[in-house]
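Under numbering that gives the first Met the number 0, think of the first position of the sequence shown as 0, with each following residue one higher.
If you are wondering where the hints come from, they were derived from the structure by calculation, not from laboratory data.
One or more of the hints may lead you astray.
Okay, the calculated beta carbon distance ranges per label pair [unchecked claim]:
id : residue 1 : residue 2 : range
1  : Asn9      : Thr41     : 17 to 25 Å
2  : Ala14     : Arg37     : 27 to 35 Å
3  : Glu8      : Ser29     : 28 to 36 Å
4  : Phe25     : Ser2      : 24 to 32 Å
5  : Gln18     : Asn39     : 15 to 23 Å
6  : Glu8      : Tyr33     : 13 to 21 Å
7  : Lys5      : Gly27     : 24 to 32 Å
8  : Asn23     : Ser2      : 27 to 35 Å
9  : Ser21     : Gly42     : 17 to 25 Å
10 : Asn9      : Arg45     : 15 to 23 Å
Ideal Cβ placement from N, Cα and C applies to all residues, glycine included.
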Amino acid sequence: MVSVGKRVENFNLPATGDQNLSLNDFRGRSLVIYFYPRDNTTGCTREGQETKP
């Protein structure tokens, strides 16, 4: 299970521009990973906009 402050294993995901991103690509930099249940929904968008760092 992923939780705040817990380390996660490396993973690769598709990104825009026919690219793939790896968690290792961000090694040594701060990174926020945002999880949401479903893309392109009003609830998802509203929740993301209301989230404060």
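Structure-based check of each hint:
no., hint, in the structure
1, Asn9 / Thr41: 17 to 25 Å, "violated, 33 Å"
2, Ala14 / Arg37: 27 to 35 Å, "violated, 19 Å"
3, Glu8 / Ser29: 28 to 36 Å, "violated, 19 Å"
4, Phe25 / Ser2: 24 to 32 Å, "violated, 19 Å"
5, Gln18 / Asn39: 15 to 23 Å, "holds, 21 Å"
6, Glu8 / Tyr33: 13 to 21 Å, "holds, 18 Å"
7, Lys5 / Gly27: 24 to 32 Å, "violated, 18 Å"
8, Asn23 / Ser2: 27 to 35 Å, "violated, 21 Å"
9, Ser21 / Gly42: 17 to 25 Å, "violated, 29 Å"
10, Asn9 / Arg45: 15 to 23 Å, "violated, 31 Å"
When held up to the earlier numbered hints, the structure conflicts with 1, 2, 3, 4, 7, 8, 9 and 10 and fits the remainder.
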